[in-house]
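If you want the building blocks of each chain, they are given just below.
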Amino acid sequence: MTATVPGRALGTPLARVEGPDKVTGAARYAAEYPVGNAAHAWVVRSPVARGRLRDVEVDPTLDGVLAVLWHGNAPELAKPADPELWVLQTDAISYRGQVIALVVAETLEAARHAAQSVVLDIEEEPHDVVLRADHPELYTPDKVNPGFPAESAQGDAEAALAAAEVTVDVTYTTPALHNNPMEPHATIAVWDGDDDLTLYDSNQGPHMVAPDVAKALGLDPARVRVVAEHVGGGFGSKGSARPNAVLAAIAAKVTGRPVKLALPRQALFTMVGYRTPTIQRVRLGAAKDGTLTAITHDAVSQSSRLFEFAEQTAVVTRHMYAAAHRRTGHRLVRLDMPTPRWMRAPGEAPGMVALECAMDELAHALGIDPIELRVRNEPDAEPESGEPFTSRHYVRCLREGAERFGWAGRDPRPARRRDGEWWVGTGVAGATYPAMAQPSTAAATALPDGRVEVRIAATDIGTGARTVLTQIAADALGLPVTDVTVRIGDTRLPRASVAGGSSGTASWGWAIDGACRQLRERGMTGEVVFDSTELVKARGNDGRHAFGAHFAEVRVNAVTGEVRVPRLFGMYAAGRILNPRTARSQFIGGMTMGLGMALHEEGVLDPHTGDWVNHDLADYHIPAHADVRDIDAAWIDEQDDQLNPMGSKGIGEIGIVGSPAAILNAVWHATGVRIRDLPARMDRILPHLP
Amino acid sequence: MREFTYHEAADVAGAVATLTRDPEATFIAGGTNLVDLMKLGVATPGALVDVARLPLHDVTELPDGTLRVGATVRNSELAAHPEVRRRYPVLSQALLAGASGQLRNMATTGGNLLQRTRCRYFQDTGKACNKREPGTGCPAREGDHRNLAILGASEACVATHPSDMAVALAALGARVRVVGIDGEREIPADELHRLPGDRPEQDTVLRRGDLITAVDLPPLDAARRSAYRKARDRASYAFATGSVAAAIQLEDDTVADVRLAWGAVAHRPWRAHLAEEALRGGPATREAFLAAADAELAAAEPLRDNAYKIQLIRNMTAAVLGALTEGRR
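The listed protein sequences derive, respectively, from chains F and E.
Numbering of the first sequence is given in this note's numbering, commencing with residue 1 and proceeding in unit increments.
Numbering of the second sequence is given in this note's numbering, commencing with residue 691 and proceeding in unit increments.
Each hint should be verified, as a subset may be incorrect.
Stated by the list, open to error - Simulated DEER-style distance windows between Cβ atoms:
1) E:995 to F:83: 30 to 38 angstroms
2) E:694 to F:75: 30 to 38 angstroms
3) E:977 to F:628: 32 to 40 angstroms
4) F:107 to E:995: 38 to 46 angstroms
5) F:628 to E:942: 42 to 50 angstroms
6) F:117 to E:977: 38 to 46 angstroms
7) E:995 to F:119: 31 to 39 angstroms
8) E:985 to F:288: 49 to 57 angstroms
9) E:980 to F:57: 55 to 63 angstroms
Unchecked claim - Distance condition first, Cα-Cα at most 16 angstroms in a straight line; then the derived EDC-like pairs of lysine to aspartate or glutamate:
10) F:22 to F:229
11) E:729 to F:616
12) E:729 to F:229
13) F:253 to F:76
14) F:215 to F:196
15) F:143 to F:298
Worth flagging that the hints you see were computed from the coordinates, not collected in a lab.
Glycine residues also receive a C-beta, built at the ideal position from the N, C-alpha and C atoms.
Construct the complete structure from the given sequences, taking the supplied hints into account.
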């Protein structure tokens, strides 16, 4: 593979090309397309966690109601691979908050009122909703997301732990977390005849949505058009078709009118996926010099009765540190709960909480600086696969990050520094995320005026993807960015992979680079369509990861137990940084989400109702502006020509991986209190303060 | 949302008459809480009587030095009012600790007092709640109650009052002016809200049709040395997990006057009379502050997950009083 010759556009901090459209309101999001004669839909969600829906009664005097759909009258659907899309087909209720009926009305208000007024006849059944490490129905799944073996083992970890000079044996728990993009999941469905369907849908990949919806409705996938030109965030929850797309389609079919369906915030907590809670036990064995001899990481998580989604929580431990004896494993239990799905860095984000906090605990037990401990266990190759890293630079991230953060001279003892009412401490944690790429196709067309139009059905979920793709195209074409227009977000454009797994730019950029180079080689005439499938398949995936190190300064109030994070710094080795402006935004966005994971976010389960009781953004806390103080990201210049033509690694997710652990480790350093159950809130800290 | 009719009130008497006549009507001012509850189906008024444009939007000083705050004065205006900042810093601080800038620009003095609990069961019509639907039960006792009451709760209800402003008003001995169908009357701010008992659906002692027209802040020397401190789960835009409003006046080394109220611990702003009594005439020391808080908190009955509030309130009370008296003895 030949690395791109450094061009004029890549590496420059180009502002988002669609920025003016967004700030002036010209950019349209899914529910905002002006379609004539649209009806509005509102979901009715199950008030019980398990049972049978016998009947749905509607007050016939309600004005403006066009249809009330439920399994007793909804159009029949074919079973898609994802059972969450088989909506309104069965009387079985699988979780509280599952859609069990849909009201379609002339106005949004009428639909909402009718949905609140329907009388549901439900036969409730006993439910089981609590994840426990000793749940009798725990099992080992065949594989974990997206296709890793559930278990791995090398050497004899038990014997090595028994023989180790120093051991750490800790259990960390993380709660259910909810993606909650600013733009809710929303769809406008418009039929043209019986066979052509257009969906304006908020998603992370139009080509991921069309086939699943087509299958459910018995349509030719080519005749389902999905438009997602601007998307207000996804964090994984929009990575595939969600029930709103199918519901809007059948509502439009039944009423003969375009139908708008935007899920209310509360429904986003149940209907579209969430991060499973985890219970993780990590055991580390080490010699007194800090050399790890054994690592085990056992993760327990949940899925729904509908669908097995097994999060790859412990997989991250397979890539991080050298140790001859090791084991990782996953256990899962199917509960009467909503189906968990991807949420920003599924697996890595919660998995690194346990691993990197355990490493901090080991460093303290050994009396070794936590950075030094990590450096001493730097592997020569991937610890479990033995594959060489194409590039790693983790130690550089630790060392150079420490330098910039001001780590030197740190007193390792906890609860020693006090500034008035505040205990002050610092912490560090590592970060890693796979550098993936997926096959995609792009087209480049020379326009008569010398400009070039590039087309690919990618989505920009707020990351700046459209901007970076414009830069990639411009450099491949040898044109200024102002002469390139990139069109995205529509299944009528060439097929692109999902905006997920931090793989978007690498995947789409590869196809665009290919199309644009060929167009340039043929003298900038006509059109080139470039499919990266064979090149991507030839690349493989082993040994390709981004790395980083997070540093946190934390203050814990001695009076209240309140935690503040005055400084958060991330140092990354994430390939070539294509646009420092959007990249920085991605990094610090991930770090901010990690801050929320460490200190704020928790889906609070009420076992009696099987519901998350805090299901809006007033009660489900994410960081507010006042929580985000001096937060910054930097990166080392990394050249890795084994990745893709740009030499880039994904940066959407690595910011959240490790940043919660850095904060928790700093909380311990500030106070001497180890918080092993997230989030680290005052009620958990205050009773243990010195 | 249920369909409703909308009237803009022309005068106070007319507004009161409309509400007294129509059992389905309710007042609306800033709407920052009511509209949310209407969308959720928790509040289902058949008519809204908008009082936001009534001539109740001034802060005026009465001849005896009382500061009269009109019921529709916005929270942001009241927080910034020079006399409030000078004479009642605890009130300004409490207002600024509440909600967000956008909400404070809309929220009114009267509406702030009448906002409903943020108990998660109350806000969800899919769940039982004695406050929302009397007789259905209180799942919070067994379920989620980390941020619910430790004082004055009942078997029927453990909800807390969410206002920050009301806690400061309780400490200041403010008086709430109310116009009802039988005329005008005054209610001490710390008697406006009631404990749940077996009637948790009644937040206040107000009667049907009563309209809050003003809040009177009496002159209070101790208030010039006053402060509000709020603990919360994030740095802003969160309801209190515990809060303390305090005013204190020293003579030589002894406490001449002290006012103390706590937020987020009870169904109403909790005026800490026992603690005040314990402090009056005694030394202004940390030991005394802690002992006073303990005297008041002796009645606390925490649930499984909210006992941390006892320590929180105890610590905060001593810290706030300590800060107010530091270097002044």
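Each hint tested on the structure:
no.: 1; hint: E:995 to F:83: 30 to 38 angstroms; result: holds, 35 angstroms
no.: 2; hint: E:694 to F:75: 30 to 38 angstroms; result: holds, 35 angstroms
no.: 3; hint: E:977 to F:628: 32 to 40 angstroms; result: holds, 39 angstroms
no.: 4; hint: F:107 to E:995: 38 to 46 angstroms; result: holds, 42 angstroms
no.: 5; hint: F:628 to E:942: 42 to 50 angstroms; result: holds, 46 angstroms
no.: 6; hint: F:117 to E:977: 38 to 46 angstroms; result: violated, 59 angstroms
no.: 7; hint: E:995 to F:119: 31 to 39 angstroms; result: holds, 34 angstroms
no.: 8; hint: E:985 to F:288: 49 to 57 angstroms; result: holds, 53 angstroms
no.: 9; hint: E:980 to F:57: 55 to 63 angstroms; result: holds, 59 angstroms
no.: 10; hint: F:22 to F:229; result: holds, 12 angstroms
no.: 11; hint: E:729 to F:616; result: holds, 13 angstroms
no.: 12; hint: E:729 to F:229; result: violated, 30 angstroms
no.: 13; hint: F:253 to F:76; result: holds, 12 angstroms
no.: 14; hint: F:215 to F:196; result: holds, 13 angstroms
no.: 15; hint: F:143 to F:298; result: holds, 14 angstroms
Consistency with the previously given hints fails for numbers 6, 12, ordered from lowest to highest.
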